[in-house]
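> Just so you know, the sequences run in chain order A, B and C.
Quick note on the working numbering: the first sequence kicks off at 1 and runs consecutively.
Quick note on the working numbering: the second sequence kicks off at 185 and runs consecutively.
Quick note on the working numbering: the third sequence kicks off at 826 and runs consecutively.
If a hint is listed, it holds; no wrong ones were tucked in.
Chain C side only, calculated, beta carbon under 7 Å to chain A, not exhaustive:
#1 835
#2 849
#3 883
#4 901
#5 911
Just a few of them, taken from the derived set where beta-carbon distance is under 8 Å, the chain B residues facing chain C:
#6 806
#7 809
#8 810
#9 813
Hints listed in this document are in silico derivations from the structure and should not be mistaken for laboratory results.
Idealized CB from N, CA, C, for every residue including glycine.
The primary structure of each chain is shown beneath.
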Amino acid sequence: MTATVLFAFYAVVAIAGALGLVSANKLLHGVVSLLATLVAMGGLYLLLDMEFLAAMQLFVYGGAITILVLFALMLSGQRAEADDRAPMRLRWLPAVVSVGFFAAMALAVSQAPWQISPTHIHDTESIATILFSRYVLPFEIAGLSLTIALIGAVVIARQDDMAGVEDVDSQQVAQPAEEEEVPA
Amino acid sequence: MTGLLAYAWALPLVPLAAFLVVLATGRKLPRHVASGLGIAAMSLVFLASLGILWAVMNGAHYEASAPWIHVKDIEIEFGFLIDPLSSIMLVVVSTVSMLVQIYSLGYMAKEERFRWYYGAISLFTAAMLGVVISDGWLLLYMCWEVMGLASYLLIGFWFETETAAKAATKAFMVTRFGDVGFGLALAVMWVSVGTFTFEPVFKLVEEGHFAGPALIAASLLLFMGAMGKSAQFPLHVWLPDAMAGPTPGSALIHAATMVAAGVYLVARSFPLFEANPETLTVIAVIGLITSLVAALTALAMDDIKKVLAYSTISQLGLMMLALGVGAWAAAIFHLMTHAFFKALLFLAAGSVIHGTHTQDVHEMGSLWRKMPWTTATWVIGALSLAGIPPLAGFWSKDEILLATYKSNNMWLLGGAMFVVVLTAFYMGRTTFLAFFAKAGTDSKSLHAHESSPVMTGPLVMLATLAVVAGFAGSPLGNYAFGRFLGEHAEGEMNLALAGFAVCAALAGIGYAWLMYIRGKGHPDWYLRNRVIAPMLTRQFWIDDAYMRVIIEPSLAIAGVMRRMDFAVIDAIVRAFGVVGMFVSSILARFDRAVVDGAVDGLGNSVIEGGRQTRRIQTGNVQTYLLLLAASIVVLLVVFAR
Amino acid sequence: MIGLNHYLFLAAALFSIGLYGALTSKSALRVVICVELILNAVNLNLAAFSAYVAPTQAVGMNFVIFLMVVAAAEVGLALAIIISLNRRNDIEAIDSIRRLKG
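Work the whole structure out from these sequences, hints included.
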């Protein structure tokens with residue numbers, strides 16, 4: 001009973017937050033509503049008896065990633081007041097596609113005979129067991145990829161008064177966007 | 185000798201070969217070879233024909249034929265026939281041709297187209313030989329036509345001059361007109377009896393299977409052909425003009441041989457005429473008219489060749505008269521003697537022309553001093569023509585007069601006598617004026633010279649023949665000529681008639697002597713007479729009549745036709761052109777619009793399709809993402825079933 | 826009772842919304858954020874499946890952890906790229922970068 005109510009609550013918040021993100025004129029507002037969604041997701045994990053996951057969700061997404069995005073927002077020089085959504089006339093096709101996608105998924109889900117056996121689980125224990133025995137290699141690699149990402153981000157984002165750094169894209173972007181001729 | 189007869193068919197081929205050689209080699213052939221070939225060929229034929237004559241006189245007779253056209257039921261043969269008539273003709277033709285060719289060595293020596301002359305002479309002789317030995321009318325007609333061609337070539341020998349070209353055309357057209365009759369006669373014959381050979385047809389006539397209107401038509405139409413070639417009135421107009429050709433050629437063709445072919449034709453076809461005596465009357469009358477008209481016209485001629493031309497027409501008329509009264513042997517006899525003395529006269533005239541460079545007798549005179557041989561031979565020929573015994577012409581002319589007398593037609597006899605007088609007179613006139621009258625101070629005779637032996641030789645030969653040839657048909661020769669030709673009646677002579685004729689001839693000569701030597705009696709009075717003169721000088725207006733009635737209307741019609749051709753036919757052709765262009769312009773537009781359109785359209789559609797397809801590649805990541813998502817949706821829907 | 830279906834519907838909805846956002850954003854930053862949303866939806870899916878279908882095995886949950894890690898790394902890098910792009914050229918609109926245009 002309580003589970004149902006909680007579920008409904010968290011679901012509504014998540015959906016609302018998502019909608020807020022896509023409908024926000026200003027990205028800042030969108031990020032904030034996304035935060036709400038992320039937190040609601042944590043709640044949903046809790047409802048599934050996955051405490052570890054919920055904790056991770058809150059720490060990583062709700063904390064680190066949100067802050068990261070906010071920092072990027074501020075540092076990108078983008079005018080935060082600008083509306084960076086696509087104009088109205090171009091929105092119909094993505095809308096159709098999205099709705100269609102949802103419809104397809106819903107259809108698929110509703111028709112599939114899932115084998116269900118809900119039981120109580122202790123996720124922290126299970127995760128730990130699996131993570132350090134069977135999937136220890138992916139674990140290590142994940143850590144490695146994080147490291148690489150870190151280094152990569154630093155390399156990419158630093159100032160380029162260093163000689164020899166080529167920015168291929170800048171050459172292309174320097175020209176005003178012009179129609180290229182159809183190659184004969 | 186009899187064996188020779190089997191090869192008589194080759195006789196025409198000998199001169200024909202000479203002609204072909206000249207034709208093929210043209211200027212590459214040396215001159216003397218050209219003439220040598222002709223003379224050699226003719227000598228060969230001459231000797232062969234003498235041999236044949238000998239054989240026939242001893243009773244030989246030959247006839248052979250070979251099938252030629254054989255189509256279903258139609259069978260036409262052609263072959264040759266050697267009998268007394270054809271053997272005599274062979275000798276006459278070959279003799280005169282040979283002598284003429286020898287003579288031409290001198291006369292035509294300075295001629296540029298020397299070789300072609302000899303070639304044409306050979307061609308003609310070949311054709312004439314073919315005429316006299318063919319055994320049927322069809323083959324005769326073919327050789328007859330070739331003769332016409334050769335005549336055209338010889339009359340128009342100097343075709344650069346307008347007179348010669350016109351004269352040749354005139355001769356060809358007039359004789360061709362006569363030949364139409366000949367052709368129709370062949371048609372009638374074919375329809376009536378289905379064969380062209382002499383013997384079978386004669387048999388059919390005898391048996392009465394070939395008779396009536398068809399026979400009359402055929403015989404008269406044959407005579408029409410003879411009228412053309414033998415210059416009978418009114419188809420005689422071509423002969424005087426034909427004098428534009430070289431004189432030796434005239435001697436051969438227009439005096440001795442070709443013009444005699446008509447007489448030969450009638451003589452050969454005599455059974456056809458005999459069956460319907462009315463036809464013979466027609467022939468006689470026309471012959472007489474011809475003879476009179478020509479003799480009268482000869483009185484007014486100053487050109488020595490023209491005199492001879494009209495004289496020929498006149499004598500041919502006499503031959504036709506003879507045929508018309510039934511004396512075909514007499515006609516052939518006169519043909520032979522005439523061939524000799526007329527050829528002689530023409531060649532002598534040629535000698536005179538060669539020596540004095542003029543043809544007008546008034547520019548001559550006293551030629552006997554400068555050209556004795558020519559004069560002597562000419563005189564012999566003239567006397568023979570006039571009918572003075574014992575020359576050949578007397579005997580043959582007398583036979584004709586006798587036959588006319590026997591026909592009991594006084595008109596014919598009177599007319600013939602008158603011709604005798606006229607003949608003697610105009611020959612006397614010409615002879616005196618040219619040879620014996622005193623030459624004027626500016627006469628051409630003053631610088632004249634006798635011709636070379638190569639020319640005078642043949643003259644002498646012919647003069648000899650003009651003397652002796654007559655004896656074959658005279659009492660002295662026992663009328664052998666007539667009997668040889670198959671006449672059954674015993675030859676005879678009416679001394680009264682003969683004497684009367686001789687007196688008439690002497691009277692004519694005497695009158696001429698008075699006029700032109702003695703100067704009495706108003707020389708050429710008839711040329712000043714207001715009534716007679718126009719008749720004579722305008723040749724009885726025959727040529728004018730032809731001009732008005734036939735030639736001018738033909739030219740008018742031709743003009744109309746020409747204009748019609750321009751207006752109508754050219755218009756049609758132009759219309760075709762216009763239509764063609766119009767159609768092609770439409771087709772061009774169609775081609776451009778449809779065909780090119782299709783091809784270009786195909787290309788363009790491909791380009792356009794590419795251009796449209798290209799728009800997917802926007803370079804925009806979101807587009808790709810959109811497409812990706814859309815594709816997934818579609819796939820989900822499709823595979824969810 | 827809350828069944829698997831509910832979670833799956835929710836995840837699908839979140840996915841769709843995130844998809845829509847990614848397709849209709851002018852700025853690259855916004856797209857990255859929407860992609861995060863999508864990844865979250867996927868996480869939820871995995872977790873739901875793990876809980877309802879194979880609770881004794883922790884495979885799904887492991888997967889979620891890895892996904893989170895990767896998402897984090899990816900966000901970091903993407904943001905670094907965006908920052909460097911913006912710094913150089915003041916480019917706002919994402920669709921002006923179209924070197925892939927064909």
